[in-house]
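Visitor: Start from the sequences and build out the full structure, keeping to the hints where you can.
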Amino acid sequence: MDYQFKDIEQKWQQFWAVNGTFKAEDKSNKPKYYVLDMFPYPSGAGLHVGHPLGYIASDIFARYKRLKGFNVLHPMGYDSFGLPAEQYAIQTGQHPAVTTEDNIATYRRQLDQIGFSFDWSREVRTSSPDYYKWTQWIFMQLFNSWYNKDADKAESIASLVAHFEQNGSAGINAVCDEDILTFTAGEWKALSNQEQQVELLKYRLTYLRESTVNWCPALGTVLANDEVKDGFSERGGYPVEQKKMMQWSMRITAYAERLLQGLDTIDWPEPLKEMQRNWIGKSTGASVRFPIDKTTHHSPLTTDYIEVFTTRVDTIFGVTFLVIAPEHELVASLTTPEQKADIDAYIAVTKKKSELDRMADAKTVSGAFTGSYVLNPLNGQQIPIWIADYVLAGYGTGAVMAVPSGDQRDYLFAKHFNLPIVPIIDIQKIDTEADPTKEGTYINSEFMNGLDYKAGTAAVIAKLEAVGAGKAKINFRMRDAIFGRQRYWGEPVPVYFKDGLPYLIEEDHLPLLLPEVDKYLPTESGEPPLARAEGWKHAEGDYELSTMPGWAGSSWYWYRYMDAQNDKEFASPEAIAYWKDVDLYIGGSEHATGHLLYSRFWNKFLKDIGKVGEEEPFKKLINQGMIQGRSNFVYRLVDEEGRGTNTFVSHGLIKEHKTSPLHVDVNIVENEVLNLAKFKQWRPEFADAEFILENGKYICGVEVEKMSKRYYNVVNPDDIAQRYGADTLRMYEMFLGPLEQSKPWNTNGIEGVFKFLRKFWRLFHNDAWEFGVSDAEPSKAELKSLHKIIRKVEEDIERFSFNTSVSSFMIAVNELTDLKSNNRAVLQDMVIILSSYAPHICEELWTLLGNPAGTLSYAPFPKFNAAYLVEDEFAYPISINGKMKMNLNISLSLDVKDIEATVLANADVQKYLDGKTPKKVIVVKGRIVNMVI
RNA sequence: GCUCAGAUGGUGGAACUGGUAGACACGCAGGACUUAAAAUCCUGUUCCCGUAAACGGAGUGCGGGUUCGAUUCCCGCUCUGAGUACCA
1 MDYQFKDIEQ KWQQFWAVNG TFKAEDKSNK PKYYVLDMFP YPSGAGLHVG
51 HPLGYIASDI FARYKRLKGF NVLHPMGYDS FGLPAEQYAI QTGQHPAVTT
101 EDNIATYRRQ LDQIGFSFDW SREVRTSSPD YYKWTQWIFM QLFNSWYNKD
151 ADKAESIASL VAHFEQNGSA GINAVCDEDI LTFTAGEWKA LSNQEQQVEL
201 LKYRLTYLRE STVNWCPALG TVLANDEVKD GFSERGGYPV EQKKMMQWSM
251 RITAYAERLL QGLDTIDWPE PLKEMQRNWI GKSTGASVRF PIDKTTHHSP
301 LTTDYIEVFT TRVDTIFGVT FLVIAPEHEL VASLTTPEQK ADIDAYIAVT
351 KKKSELDRMA DAKTVSGAFT GSYVLNPLNG QQIPIWIADY VLAGYGTGAV
401 MAVPSGDQRD YLFAKHFNLP IVPIIDIQKI DTEADPTKEG TYINSEFMNG
451 LDYKAGTAAV IAKLEAVGAG KAKINFRMRD AIFGRQRYWG EPVPVYFKDG
501 LPYLIEEDHL PLLLPEVDKY LPTESGEPPL ARAEGWKHAE GDYELSTMPG
551 WAGSSWYWYR YMDAQNDKEF ASPEAIAYWK DVDLYIGGSE HATGHLLYSR
601 FWNKFLKDIG KVGEEEPFKK LINQGMIQGR SNFVYRLVDE EGRGTNTFVS
651 HGLIKEHKTS PLHVDVNIVE NEVLNLAKFK QWRPEFADAE FILENGKYIC
701 GVEVEKMSKR YYNVVNPDDI AQRYGADTLR MYEMFLGPLE QSKPWNTNGI
751 EGVFKFLRKF WRLFHNDAWE FGVSDAEPSK AELKSLHKII RKVEEDIERF
801 SFNTSVSSFM IAVNELTDLK SNNRAVLQDM VIILSSYAPH ICEELWTLLG
851 NPAGTLSYAP FPKFNAAYLV EDEFAYPISI NGKMKMNLNI SLSLDVKDIE
901 ATVLANADVQ KYLDGKTPKK VIVVKGRIVN MVI
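Take 1 as the starting number for the first sequence in our numbering and just add one per residue.
If you are wondering where the hints come from, they were derived from the structure by calculation, not from laboratory data.
Please note that the accuracy of each hint is not assured.
[To be verified] Result set (DSSO-like, lysine-lysine): computed pairs, CA atoms no more than 27 angstroms apart in a straight line:
#1 23 <-> 620
#2 607 <-> 27
#3 792 <-> 68
#4 153 <-> 473
#5 611 <-> 202
#6 680 <-> 709
#7 133 <-> 149
#8 620 <-> 273
Guide: Okay, structure coming up:
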């Protein structure tokens, strides 16, 4: 029979499902291997053609590892809490759970038809109560923990309380809020429970903090940053303002250093690690306190000094002014009456500037003088205080010491406002710009004069510490993560409030179920949707009204797959001890600073409290490239008055006509040739369309854009699976190019892959499409083809070069076709090797070959034997001055000298040499011969 | 601006530690089969010179360099894509 992919694929997909072929065992003598995909958010649009790219790659890898004798865990699930379902609920009243359920069904159908080897018995959904029960449980563990810097790990809050009871706050080195109290054991015990709880909250790893949010009064809701465009809501275009709210936060900054160090231990793409490093943003320096000059400043102040952070504390004697952010809390009290007008005007201008303006304005210098001064803590020199918008309130202390001789921004500022520029290093060249050199020795720097960078820095820090004006400090750019959303469709926070303080609910009350509400909107008073739920109350007080953010459920899901049905624990210690960590994780790089950072954070925390064994969750990670859309265009002829006509001009002829381009559905275009009949049917107004053709065809224009419905360039994997089958889709997506490279989706070459599979099928069949193979001894040539592909596929899969193995398969099948091979032994091995790429056709052929009923998924991968590839001759390329001239067959047993003699003795070579004797002959055995003349 | 990735035929791409540039596939052109079309098969296909073959020349974004030999290594530049936003 001809290759009937539809029947074959349906048959085997059913077989795998019915027989639980890919169910992973939790105990096995085989080595374990965990292949994970980033699970999808089940959106209403369904799976698009970019999703399967990574899934196919990981599936090939998982299937390959099974053949190689590994016990493979390859699960799939859904990140099913999220905004789109909630948005849809607001519009239609449809419960998000219902929408989500529908979408999941679509995703499942789409995934199934591609023939993935997922172990569906372990499916997880983050929105399912038996899953989010454990997300809530982890939240509770975080609430009950603090970070001990001395032990460099999270510890139980009970241990902190015990310490307070014994020793008071002395000897505690914690990552915590800034405003902690200092107390003795006696004082601690004297505090009321309420006061103790207030204090403990400053230490907990999840805690309440006042944070700024984008508040949209018209919509009555909080918006994410990307929902706000230029100060207006993307939806509706209502004004958005900054509002302070008490929000749950996660003390991820406690793990900053470990998150940074851990990057060196994992096999991830370097650009991705770099993104995380930049996000964490460690800088080593010092904090310095500049006392405010009271002789020039007389209005009352809340503080005596301004604290700055600097990475170049060694330049402290070059400080000629201080700059604080316009939003800095001291601005108002530092401003003298004479300067008030200037300062107010500057602040007003800054406020008006959008972030875009501030970016575009990066080169213009602006600022204003407050009229006040600080003193250099080391020599008492008077230093003016300025404000400028290049200093950010949100980073460091919102204040910088300006050293115009060493920092270009400070230099420009000083030039602009005529402030002094003091060189502090002997070799500094500061005539036209700042010189940030660390070479040379210090000048104009009192006790540091003559010292070099290293000694100078140490001396300054020692001096600052001695006078109590500063200390060495490490600063991180990363902020604590906000962990609350004023939304409905998320995990409820397992907390109730009593006397304004948060308390955890009892563990045996988990899961705290998401309640029903009448509407998915905030209340009239602006409270989150959960405030609408009736009886949403704990016996002791009101429940928290916000829900957890989208990243909560995805920050630990890989553990749930290890033991997905467990109702006693998030996963059993045995399952975790066996599966340990993810060996291979495939997904997009857009999760670099979100999901991948939070997951590492939670993993480290779970390790600290002894629940998991590994410091890092994802040993190896591969980024699949983004699939872009590839739009096609038709060109509508425009008449004299500029109106569109019903005539369309082929792309090659548009220079000769006046036309306007129009997106056309890529699904009615093949190899840039428009299907005219389908175009006329596409939309009613084109039913009578006329065409100006070139060579009898209508050629469309092409452009790469985002894949989106409005560009008509969305390609649905279903259509391709219908037309060519899943095996072709799988192989074609791999054939498209390197996995990690971003590329536009393009079906132009898919026929070639389909033809290849038919050709493979035909190897097993005669001209009448009857199955038949020979039991003869394989020939040398057949074995050579076979073992070449065995080696190639092993090498390619191990380095994730799937596109090149598809090519190699084509070469092997072409060779075997030329050899007219139908040898059972050879073809049987071919079936196994190809099966991870094209599983359906291979299962079918495996059965036809007469193997015992069942699957080939666990057959042993053929062993490579180098002996079949040994050659005794090699066609040496003979080049002269590096230019290849000819090939010459020479025995590989000859050594270098004999090869040289053979080459020089050859008549054709002599012809090229034209009577000359080469000055030099380079012979690389088995590679090349090069002669220099 | 900074960081990272990339640039190879008409197209997607291959060439793994410096060693025959363009594998494999698409497209295109010509041919076979067919009444015809589809399907299938065969041949050709980097560019230039040359009627054709032999032969010759150029050629991996641009300009240099190292080397017997560079798509690969080094220096400088151009362009494209992604991320980031004055980080003190």
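Visitor: Hints first: check each against the structure and report whether it holds.
Guide: Evaluation of the provided hints:
1. 23 <-> 620: Judged against 27 angstroms, a Cα distance of about 23 angstroms means the pair holds.
2. 607 <-> 27: Holds. Residue 607 to residue 27 sits at ~22 angstroms (cutoff 27 angstroms).
3. 792 <-> 68: Within the cut-off at roughly 15 angstroms; holds.
4. 153 <-> 473: holds, 20 angstroms
5. 611 <-> 202: Roughly 24 angstroms between the alpha carbons, so the hint for residue 611 and residue 202 holds.
6. 680 <-> 709: Roughly 20 angstroms separates the two Cα atoms, so the pair holds.
7. 133 <-> 149: violated, 30 angstroms
8. 620 <-> 273: OK: residue 620 and residue 273 at ~12 angstroms, within 27 angstroms.
Violation of the numbered hints given earlier is confined to hint 7; every other hint is satisfied by the structure.
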